[in-house]
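Hints given; two lone chains; assemble the complex.
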Amino acid sequence: MSEDNVSQATRTQAGAGPTAWGSERTDRSPMHGLWALTNRELQKWYKVPVLLFMSLIQPVIWLGLFGKAMNFGQIFSGSLSSITTVLKTLDPQITSQQIAAISSQLPSVQSIFGTSDYFSFLAVGMLSFVTLFTAMFSGMSIVWDRRFGFLDKVLSTPVSRGSIVMGKVFSSVLRSLAQAAIVLVIAVPLGMDVGHMTIMGIAGAFVALALMTLGFSALFLMLALRSTDWQSQMAIMNLLNLPLLFGSNALFPSSFMPSWLQDFVKINPISYATDAGRQLLLGSTGFASLQFDFLYLSAFAVAFSLIGIVMSWRLLTK
Amino acid sequence: MMPQNGSSIEVRDLTKVFNGKLRAVDGITFDVKEREIFGFLGPNGAGKTTTINMLTTLLRPTSGSAVVCGYDLHSHPNDVRASVGIVPQEYTSDEDMTGIGNIVFCGDLYGVPRSVSKERALELLDLVGLSDAANRKVQTYSGGMRRRLEVACGLINHPRLLFLDEPTLGLDVQTRTAVWQYIKKLKEDYGMTLFMTTHYLEEADGVCDRIAIIDHGKIVKIGTPVELKASLGGDIIELGVKESTEDLTPLIQQVANVREVKRMNSDYRIKTALGEEAAPVIIDMIRSKGYHVTRIMVTKPTMDQVYLEYTGRSIRDVEADRAEMMKQRMTVRRARA
Chain A
1 MSEDNVSQAT RTQAGAGPTA WGSERTDRSP MHGLWALTNR ELQKWYKVPV
51 LLFMSLIQPV IWLGLFGKAM NFGQIFSGSL SSITTVLKTL DPQITSQQIA
101 AISSQLPSVQ SIFGTSDYFS FLAVGMLSFV TLFTAMFSGM SIVWDRRFGF
151 LDKVLSTPVS RGSIVMGKVF SSVLRSLAQA AIVLVIAVPL GMDVGHMTIM
201 GIAGAFVALA LMTLGFSALF LMLALRSTDW QSQMAIMNLL NLPLLFGSNA
251 LFPSSFMPSW LQDFVKINPI SYATDAGRQL LLGSTGFASL QFDFLYLSAF
301 AVAFSLIGIV MSWRLLTK
Chain B
1001 MMPQNGSSIE VRDLTKVFNG KLRAVDGITF DVKEREIFGF LGPNGAGKTT
1051 TINMLTTLLR PTSGSAVVCG YDLHSHPNDV RASVGIVPQE YTSDEDMTGI
1101 GNIVFCGDLY GVPRSVSKER ALELLDLVGL SDAANRKVQT YSGGMRRRLE
1151 VACGLINHPR LLFLDEPTLG LDVQTRTAVW QYIKKLKEDY GMTLFMTTHY
1201 LEEADGVCDR IAIIDHGKIV KIGTPVELKA SLGGDIIELG VKESTEDLTP
1251 LIQQVANVRE VKRMNSDYRI KTALGEEAAP VIIDMIRSKG YHVTRIMVTK
1301 PTMDQVYLEY TGRSIRDVEA DRAEMMKQRM TVRRARA
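Listed in order, the protein sequences are those of chains A and B. Take the first sequence: its letter number 246 is residue 246 in our numbering, and every next letter is one higher. Take the second sequence: its letter number 272 is residue 1272 in our numbering, and every next letter is one higher.
If we strip away everything but chain B, and leave its shape as in the complex, we get (with noise of 0.2 Å):
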């Protein structure tokens, strides 16, 4: 039995440096619990798939140690890779096979028998919903198909653990949709632990347990969503005042939970724990004072300002790279063709 309530990952300091100067990743801790969905988000170049082909025995740590499914990755990376499946971020199926083929093939590779392994590839492509094409050459899959393959792939030992690596990029919207649903019915339903990278923010949001974001090969926030969206400082209020010369900071912040405020003018920018609670009563002491508030509106914080606060760039710049990803993956698709 595993511990009920262990740590699925380990990582202490792991660290890669590739050619004696770049940090890839550089001393990064943090713990996966069992049964858990644990997002990993930040840039490209981040260090975030440096991290998971080292957590599945890919590379080898400069430094550094972790354990992965109770095995060391150092002395026990056989263990490791019979223990965990891998949804990479490309798609690595080999075209001139079949969907049921490539399954089963992977299967071989982890030593499943033949016997378990054509009817656990039934099964697998019937929780994808690729049962319709299991005996089509993968070469007529669309992307959104691929990519369900690639899961079904990556679960074909039962695994205990799953990395999956950008599993909805490039999908539409639909498909991505898809896939989060198989992603949490994987831990709801087989009390797997998935380890995921994601560029979808408000994705990440929705089906992460805890999120981990790294920068330049760093964890700089690790936490709930909720926790993170908190770190923030709270909700944020924005009002404007008619006609006030005074300044009202004092004022506003003598209300309960509000952290900070920041004067435009006639307008206020209030940082505030518990928003809607708080606005009516900064609205009243402003009456009181005799000033009337044109407007307000009340914002809670997204995972796009978190990403924002602490990587310090928008995800939009990270779609410009999407952007330029997808054009090598063209590329590497037309010269398979």
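Same shape as in the complex, but just chain A (with noise of 0.2 Å):
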């Protein structure tokens, strides 16, 4: 009996062949894999520069129609020289004072845009548009990867299941960041005002877009993991990125709403990072205070990412 055994562990290590296999070390802490995975969602963008100019196109065409054609300082300005004219038509003895207390009672561009042009007011809500809208792809990748077998080989792996999850959600924000950047430098040109930038300013600006970028790709996110049909993924990005947009003070203030719209705003994450974007940039008197902004887009960053990674533990094994 002793023979055999002999024997056989001669053939074995005689089989064995040129490496020992098996017996490697390898890194095998909960982080590792996520910035390859991360890596290659950023190749597949930053390596076909047509992707990344389509993505730029619609912004920038929100720019130019809404920012330039709906000028709405234009309409308030023209509305206070009309208002002049009218007064004086009914009361030619009318002095400027009394016009001017008249016209102090209604509102002004700066009181209502927190800055004395529509442009710019659209120019910082343009920026958390295209983040929104880089987040709501975020679920598209899983679908295709699923659809693909690729998500198989990830999960066939030893790579923690959050990883694969944050891998997408972290690509997305830094994508969403550069596109936001690029959309800032075109603005500018266009006539943003930029007398109130600075260089911090400007950083805090894309701390809160990314806070929101990461709370809407993790629930982009987990809205796809169980899809393997990425029709349903449009429908659901469809249904909800209108609504989302609108729904905020990316476009308009939000005084302008009914109050059940207004309650709306509240909640939505985009009106705070647009907030904290417009008295970082602009120098606006904001809705909520800049601590406000970031407490409740940090705590909406965090909440979905910890969802998205416990689901992602649920879900991505059926």
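Please note: incorrect hints may appear among the correct ones.
Okay, derived cross-link-like pairs now, DSSO-like style, lysine-lysine, Cα gap no bigger than 30 Å in a straight line [to be verified]: (1) 1262/B x 1229/B; (2) 1137/B x 44/A; (3) 1262/B x 47/A.
Just so you know, these hints were derived from the structure itself, not from any lab.
Shown next, in the form of structure tokens:
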């Protein structure tokens, strides 16, 4: 019997070939592979500049159409001069002090938009717009990965399930920040007010955007965790994108809105990212304090990332 | 050290029920020994891929247990993942990355340090004969090259056990032969255990040490190819006898090793072990009775016959399904392009 064991052992060793496999040390920390997964997603994007360019067309068109064509600042100052004409026609005796007194009762562009022109107001909103849209697409990539079997391949490795989700979330955050930066750079020559901009202010605004995208990317990824069908994913995106955008202060100040919509604006994270951006970039008086903006956004980002990680443990394996 | 003569996989009563009613895998029990090539044969929908997915932690079993590479599937899924390699049925490599990029990426997921994985990737590309295409994007690869790249990716963590799901599906004969050579090499040179599913019966016959035939989620037969073929009752002798009115069945049954005789008019179909030896004896016996043997044929059972016997289906039916599957795959490929 012992002889048999010896011969077995010899055979195994002789057969084990050039390398003794299965004995190497590997990195088993929970974070391993996270960067590889993030980088894979980013490569798909920065190696195809056409995609980057196309994703910028929409926000730039919005900037042009809304910001320039529907210039609310013009409408407001225009209405002010027509009020003067009307008042003068009604009462030729009216003094310019009286006109000023009446005018001051009317809402000014500054008081409503927090800045002297609508274009700057909207430009900050567009930063939120472009990050929101990028975040929405984070769910699509996991649907494709599942369809092509790539997700199964990743799931069969010891990489942590949370990293699979967070790799996509982080790549989405980095991507949307890069796009927001480009939108900002385009908005300045188009006439965005740069009088209040500081390096710290810009950095702060991007932190706010990062927190917002983190939360939204995690949310949209969660919705896609079990999905194998990109059409339903598209439907979800279309269902949510415009209500989220219009139900925030990104395009219009919430004071324009009916009270039920104002309530929604108050819970919409886009409002707080945009608000923080306006305070930091344009020096606007905010609709919430800057501290509250960041507190709300941090809570949103942390909560949805955690839920995303926990759901990935449960839902990625069937 | 791994146990010398232990089992690489121990499956006990493993069951997977989908949506509460579809029993894809229905209480299977088997062992795969160390350094063995174990083949899983069965028609589409028999539960082959479901079994692989459970053993590689992609699916949670509904009930039952399995120990893979010494780790329990339920309690240590991550240790199982770290110790096995997988070559999936689909082409899962990232088309936008290069061949070597894909392998190193897999290495990252297994936590293999970059310094090690880069060197190892080159060795693996050499092993599967893709060194020349290492820096080309996978988009430009042919089907055979993609399959070989999948094999290389599955080996980046130097697993003791490799799962291959239909490793030769849709490949031409030449590439298929090459893939089987790598598979044999992995066992012989690296001492690996291989668990695979396949449709190609004659190849499974030549490559696998042991084969399990699975149908409707149950293992219907398990054994070495020789055992499986022997289980059919051995060789078959067909012979024709001229002008015989007498039933020769009792006579033939007296011959050693003959198990079963069927008479169809003047033809006889005889099941026997050691057909080559039994045939001359039978001929002599018939001649001694004054009859004349007009023709004789000895056939050895093939895996095809084994498959037919245990699944009730010919491999042709499976081929038809495969055509359907290939169509689907083409659609997916077009979607990707």
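Cross-check of the supplied hints:
1. 1262/B x 1229/B: Holds. Residue 1262/B to residue 1229/B sits at ~20 Å (cutoff 30 Å).
2. 1137/B x 44/A: Roughly 13 Å separates the two Cα atoms, so the pair holds.
3. 1262/B x 47/A: Judged against 30 Å, a Cα distance of about 71 Å means the pair is violated.
Consistency with the previously given hints fails for number 3 only.
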